[in-house]
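Engineer: These are the residues of each chain, in order.
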Amino acid sequence: MLIAFMSDFGIEDEYVGVCKLVIKEINPLVSIIDITHTVYPFDVLTGAWMLYNITEHLPPNTVVLPIVDPGVGSERKGIIVETERNITFVGPDNGIIHPSADKLGITGVWEVIPKEEQVSPTFHGRDIFAPTAARLSRGMSPNELNTKPLKTMIKEINIFGMQTREGKSIGEVMHIDHFGTIRTNIPFSWLRNTNITENGEPIKVKTDASEFNLRYHKTFTEATAGETFILPDSFGWISIARNRGRADKRLKLRPHDTIIIEIS
Amino acid sequence: MLIAFMSDFGIEDEYVGVCKLVIKEINPLVSIIDITHTVYPFDVLTGAWMLYNITEHLPPNTVVLPIVDPGVGSERKGIIVETERNITFVGPDNGIIHPSADKLGITGVWEVIPKEEQVSPTFHGRDIFAPTAARLSRGMSPNELNTKPLKTMIKEINIFGMQTREGKSIGEVMHIDHFGTIRTNIPFSWLRNTNITENGEPIKVKTDASEFNLRYHKTFTEATAGETFILPDSFGWISIARNRGRADKRLKLRPHDTIIIEIS
Amino acid sequence: MLIAFMSDFGIEDEYVGVCKLVIKEINPLVSIIDITHTVYPFDVLTGAWMLYNITEHLPPNTVVLPIVDPGVGSERKGIIVETERNITFVGPDNGIIHPSADKLGITGVWEVIPKEEQVSPTFHGRDIFAPTAARLSRGMSPNELNTKPLKTMIKEINIFGMQTREGKSIGEVMHIDHFGTIRTNIPFSWLRNTNITENGEPIKVKTDASEFNLRYHKTFTEATAGETFILPDSFGWISIARNRGRADKRLKLRPHDTIIIEIS
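From first to last, the protein sequence lines stand for chains A, B and C. Going from the first sequence to this note's numbering is simple: count from 1 and add 353. Going from the second sequence to this note's numbering is simple: count from 1 and add 353. Going from the third sequence to this note's numbering is simple: count from 1 and add 353.
Please keep in mind that the hints were generated in silico from the structure rather than gathered at the bench. Heads up, some of the hints might be wrong.
Here are the simulated distance ranges between beta carbons [to be verified]:
no., chain 1, residue 1, chain 2, residue 2, range
1, A, GLY492, B, GLU615, 48 to 54 Å
2, C, ASN414, B, GLU437, 34 to 40 Å
3, B, ASN566, C, GLY514, 54 to 60 Å
Using 30 Å as the maximum straight-line C-alpha spacing, the simulated DSS-like pairs for lysine-lysine come out as follows [what the hints assert, rightly or not]:
no., chain 1, residue 1, chain 2, residue 2
4, B, LYS501, C, LYS571
5, C, LYS605, A, LYS605
6, B, LYS602, B, LYS557
7, C, LYS468, C, LYS508
8, A, LYS571, C, LYS468
9, A, LYS602, C, LYS602
10, B, LYS605, A, LYS605
11, B, LYS557, B, LYS571
12, A, LYS602, C, LYS605
13, B, LYS430, C, LYS571
14, B, LYS602, A, LYS602
15, B, LYS605, C, LYS605
16, B, LYS605, C, LYS602
17, A, LYS521, A, LYS559
Note that beta-carbon positions come from the ideal geometry of N, C-alpha and C, so glycine has one too.
I would like the entire structure built from these sequences, with the hints used as guidance.
Structural biologist: What follows is the structure in structure tokens.
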């Protein structure tokens, strides 16, 4: 079995490693795949969006462990969510699981009841969610664990912040990637529906501070050297890239800034 | 079997990867878990402290490979240390193994004798320690390897730098984590023994440059937005965090700075 | 079987993780070893050099997946390259595979023919190369996949940029490592052949902006505190390190800067 692990723990500390040791003690044979551990600190929205992005590539029978948990130690619940294709999520009930599980089709929800001894108030990832994921990856059902079934829905989060008016889409910078590419939550399908999909077609991008006339290209190699351009990313969203450079520096955009895309 | 791998090699280069290839050639079935590879360069003290932190979560039969090795190529020995719970450490004899092995209970120590051909003077991690760890993970005993038993103790290091006077504890910044939280080597047990464990109790923090009046909170969610506060971490130490911000920027503290915590 | 995965995807995003999920769905039992994922963006030359560096440590039967792919979506081919020791490479035909495969001895080359549906124009790593690597790791031969044999050579790249004149070697900064050490593509064998291998021997280093008189040391421990010095690295190249400091800051050098090493 496979555990897909995502968090905002970063890679500087022993936080990710200790969770994996906890998992391996319970299920020595499980494979652990890191989605990423550098989700922006406490950024449940971006984490949920990233998890949504990889959802269709989750192999059947995977246990997903997505831990971005600013509410750790508060009243927020820990949950197990089962979906179609036998994917099982374990994590905080703060919305991070919702878009991905909802896309797959939720078939059951349980609350995880912590055993109070041995639980740190600040690290449920290590003390509650990792061991629960490990037990699920061994084939245990949520009902065999210290849980209770929930009839209420899990906490929802809206990663589709886009508003569309005539020829105009208002969205949000969701992530700046390793290449400096600006990743948004504006679906590429919106642009495709406008028929702006010829190489080089002009598109206007407005930020809070400025306005840019960019062109549409399908790949980096269609852009000229140094050109900043509109690009469909490989997850179904519109992104803004710069050929051999960083688009984020050029447009002075940061995560969660508003971005408006206009076609004439 | 499991190899738990920690180093200061960073993730920018092929250093960690090549060690894993060496391990996998010798033991294709072993699982390798990364504790972290971004220990501050050459920082044996912080590495030893991090390894100590995860010690209780090491599964039985684990081989631990902690490589922070500023003395590589010098006369410092390479060692194998066996402890209770059948944990085996392999690495340089510079103190990095000591606090963790000592906590578990040392049951045997061997010197690793390198075969001189094929050993780089600057990368014993790849050429000596990784292959030794791989062989141990296959169930070979230290006596079957190119070793000699040592009767002398291994090099010790003191991660508990704290001095305590009346109502006052002097410690050290050990790490700044991904969230900007300041992690110290002052045990939380000291604070708990003073009975300062009610939410919101005032605590004074002195740095070389300044002085701060902070409050004690058990979790991030007890703090107000932007508040910098004293927090018990999940490994038994006192830390200083900032709710939705970086405490290290607020207190202008860096690794190995002195920190004094006072209660009235 | 083992897949050795290298890329310039970075660790900030879900890019590496989603490739691994794709691999694990096809071959759940394969081990995936990360060489590094922080090759400089689009830097095929440095990627090829790093892959060359770890070549001799690749276990037999490994599938190598090196993805630095600025030409993704263009006419550049995807290829499979088989070599001696039963190592199989899968990736773009842009030179990244060449130095490593050439060192091993190429025994066969195939073009990978993408099935057009389901292939993103910007992420062949996920959609073409990862699934191909997974199938090869299950023991399928290139001929069983959607490929055609190539008689022409693969694209070559020259990682040995060095020019040698009398007592002088002109090379290039290939990488700055986690310790701030300057890694070059000047082979240490050149220096060894000059007989400059005694501890402390003087060597001149010229950069575009400046000139430095450094000494040769075999290890960090031979250098004095703060000393910047010439060091043979553990992969056969000349590097410039600083004892307990960053050589790159001292010499103000960046990747792909020219560097000249002179002996008197």
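Engineer: Mind listing which of the numbered hints don't hold for this structure, in increasing order?
Structural biologist: Hint check: nothing fails, all pass.
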